[in-house]
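K.L.:
Going down the list, the protein sequences come from chains D and V.
Residue numbers 0 to 92, in numbering that gives the first Met the number 0, belong to the letters of the first sequence in order.
Residue numbers 0 to 92, in numbering that gives the first Met the number 0, belong to the letters of the second sequence in order.
Keep in mind that a hint or two might mislead.
[Unchecked claim] The following label-pair restraints were derived from C-beta to C-beta distances:
| # | chain 1 | residue 1 | chain 2 | residue 2 | range |
| --- | --- | --- | --- | --- | --- |
| 1 | V | Leu-85 | D | Leu-15 | 44 to 52 Å |
| 2 | D | Lys-72 | V | Glu-79 | 29 to 37 Å |
| 3 | V | Ser-54 | D | Ala-88 | 39 to 47 Å |
| 4 | D | Ile-90 | V | Val-29 | 40 to 48 Å |
| 5 | V | Glu-79 | D | Ser-83 | 33 to 41 Å |
| 6 | V | Glu-58 | D | Leu-24 | 18 to 26 Å |
| 7 | D | Ala-88 | V | Ala-73 | 32 to 40 Å |
| 8 | V | Arg-80 | D | Glu-67 | 32 to 40 Å |
| 9 | V | Glu-67 | D | Ala-14 | 41 to 49 Å |
| 10 | V | Glu-43 | D | Leu-41 | 13 to 21 Å |
| 11 | V | Lys-77 | D | Leu-15 | 23 to 31 Å |
| 12 | V | Leu-85 | D | Ala-88 | 42 to 50 Å |
[What the hints assert, rightly or not] Derived DSS-like pairs (lysine-lysine); straight-line CA-CA distance at most 30 Å:
| # | chain 1 | residue 1 | chain 2 | residue 2 |
| --- | --- | --- | --- | --- |
| 13 | D | Lys-22 | V | Lys-11 |
| 14 | V | Lys-28 | D | Lys-22 |
| 15 | V | Lys-77 | D | Lys-69 |
| 16 | D | Lys-25 | D | Lys-69 |
| 17 | V | Lys-25 | D | Lys-72 |
| 18 | V | Lys-77 | D | Lys-11 |
| 19 | D | Lys-22 | V | Lys-69 |
| 20 | D | Lys-11 | V | Lys-28 |
| 21 | D | Lys-28 | D | Lys-77 |
| 22 | D | Lys-11 | V | Lys-69 |
| 23 | V | Lys-22 | D | Lys-11 |
| 24 | V | Lys-72 | D | Lys-11 |
[What the hints assert, rightly or not] What the simulated footprint calls covered on chain V by chain D, stretch by stretch (three residues with Cβ under 8 Å from a Cβ of chain D suffice, anywhere in the stretch; the number is not a length):
| # | region |
| --- | --- |
| 25 | 9-20 |
| 26 | 43-57 |
| 27 | 60-74 |
It should be emphasised that the hints constitute simulated quantities derived from the structure, not laboratory data.
Keep in mind it's a predicted model, so treat the numbers as computed, not measured.
We put the beta carbon where it would ideally sit given N, CA and C, even for glycine.
Number of protein chains: 2
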Amino acid sequence: MASEMIVNHQEKAYALLQADAEKILKLIKVQMENLTMPQCPLYEEVLDTQMFGLSREIEFAVRLGLIEVKDGKAILDKLERELSALHEASIRK
Amino acid sequence: MASEMIVNHQEKAYALLQADAEKILKLIKVQMENLTMPQCPLYEEVLDTQMFGLSREIEFAVRLGLIEVKDGKAILDKLERELSALHEASIRK
Numbered sequence: 000m001a002s003e004m005i006v007n008h009q010e011k012a013y014a015l016l017q018a019d020a021e022k023i024l025k026l027i028k029v030q031m032e033n034l035t036m037p038q039c040p041l042y043e044e045v046l047d048t049q050m051f052g053l054s055r056e057i058e059f060a061v062r063l064g065l066i067e068v069k070d071g072k073a074i075l076d077k078l079e080r081e082l083s084a085l086h087e088a089s090i091r092k
Numbered sequence: 000m001a002s003e004m005i006v007n008h009q010e011k012a013y014a015l016l017q018a019d020a021e022k023i024l025k026l027i028k029v030q031m032e033n034l035t036m037p038q039c040p041l042y043e044e045v046l047d048t049q050m051f052g053l054s055r056e057i058e059f060a061v062r063l064g065l066i067e068v069k070d071g072k073a074i075l076d077k078l079e080r081e082l083s084a085l086h087e088a089s090i091r092k
């Protein structure tokens, strides 16, 4: 029971971080489709703020020993690839 | 052993958050003493960024069930009181 709770903390940390990355991607999608262009400084500011928030969460989870450095980096890298694909697609429109 | 590890995650989360709050206070102290005035937009931007980072860490720890909402709020409230005392003191100089 107790050791299940530890696994749960680790799994939960990972799941929360992935959900947050997903949320950023959705936010940026909505923003691109409805509000502003990627060239808009507001767009960049929102994105920077969100990425900073996520990277602080990841760093915190690493410091707590809940996720591995490489797994945290993988979450950020994946999000950056997805955002950049989104950006490319919006330019090609 | 396993239940000690759970307590450790909670204690560690709390200790990390307090250490981060302390770090922000020190950063702002150094900045006030050496670099810029509280009226400077750069000062406010640094402070906002740091406070946002800390509040994201706290929120994340709460979502993980590692700290209580009220304890997270207490860390932020204490830091805000200390920063505002620092600000007051610098104005009176």
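K.L.:
Against this structure, judge whether each hint is valid.
P.N.:
Verification of the hints:
1. Leu-85(V) to Leu-15(D): 44 to 52 Å: 33 Å Cβ-Cβ, so the 44 to 52 Å window is violated.
2. Lys-72(D) to Glu-79(V): 29 to 37 Å: 33 Å, holds
3. Ser-54(V) to Ala-88(D): 39 to 47 Å: Given about 33 Å between the Cβ atoms, the range is violated.
4. Ile-90(D) to Val-29(V): 40 to 48 Å: The hint (40 to 48 Å, Cβ to Cβ) holds, given that Ile-90(D) and Val-29(V) are roughly 43 Å apart.
5. Glu-79(V) to Ser-83(D): 33 to 41 Å: Once the Cβ atoms are compared, 37 Å apart, the range 33 to 41 Å for Ser-83(D) and Glu-79(V) holds.
6. Glu-58(V) to Leu-24(D): 18 to 26 Å: Taking Cβ atoms as reference, Glu-58(V) and Leu-24(D) lie about 19 Å apart, which means the hint holds.
7. Ala-88(D) to Ala-73(V): 32 to 40 Å: 45 Å, violated
8. Arg-80(V) to Glu-67(D): 32 to 40 Å: 37 Å, holds
9. Glu-67(V) to Ala-14(D): 41 to 49 Å: Hint violated: Cβ distance 21 Å, outside 41 to 49 Å.
10. Glu-43(V) to Leu-41(D): 13 to 21 Å: Once the Cβ atoms are compared, 19 Å apart, the range 13 to 21 Å for Leu-41(D) and Glu-43(V) holds.
11. Lys-77(V) to Leu-15(D): 23 to 31 Å: 26 Å, holds
12. Leu-85(V) to Ala-88(D): 42 to 50 Å: 48 Å, holds
13. Lys-22(D) to Lys-11(V): Within the cut-off at roughly 27 Å; holds.
14. Lys-28(V) to Lys-22(D): Violated - the C-alpha atoms of Lys-22(D) and Lys-28(V) are around 35 Å apart, more than 30 Å.
15. Lys-77(V) to Lys-69(D): Given pair Lys-77(V), Lys-69(D) is violated - Cα atoms ~34 Å apart, limit 30 Å.
16. Lys-25(D) to Lys-69(D): 24 Å, holds
17. Lys-25(V) to Lys-72(D): 29 Å, holds
18. Lys-77(V) to Lys-11(D): With Cα atoms ~29 Å apart, Lys-77(V) and Lys-11(D) stay inside 30 Å; holds.
19. Lys-22(D) to Lys-69(V): Between Lys-22(D) and Lys-69(V) the Cα gap is close to 26 Å, so the pair holds against 30 Å.
20. Lys-11(D) to Lys-28(V): 36 Å, violated
21. Lys-28(D) to Lys-77(D): 15 Å, holds
22. Lys-11(D) to Lys-69(V): Within the cut-off at roughly 21 Å; holds.
23. Lys-22(V) to Lys-11(D): Measuring from Cα to Cα gives roughly 27 Å; hence the hint holds.
24. Lys-72(V) to Lys-11(D): 22 Å, holds
25. 9-20: Coverage by chain D holds here, the residue count being 3 at a Cβ distance below 8 Å.
26. 43-57: This one holds; 5 residues, not fewer than the three required, reach chain D with a Cβ under 8 Å.
27. 60-74: n = 5 at 8 Å, threshold three: holds.
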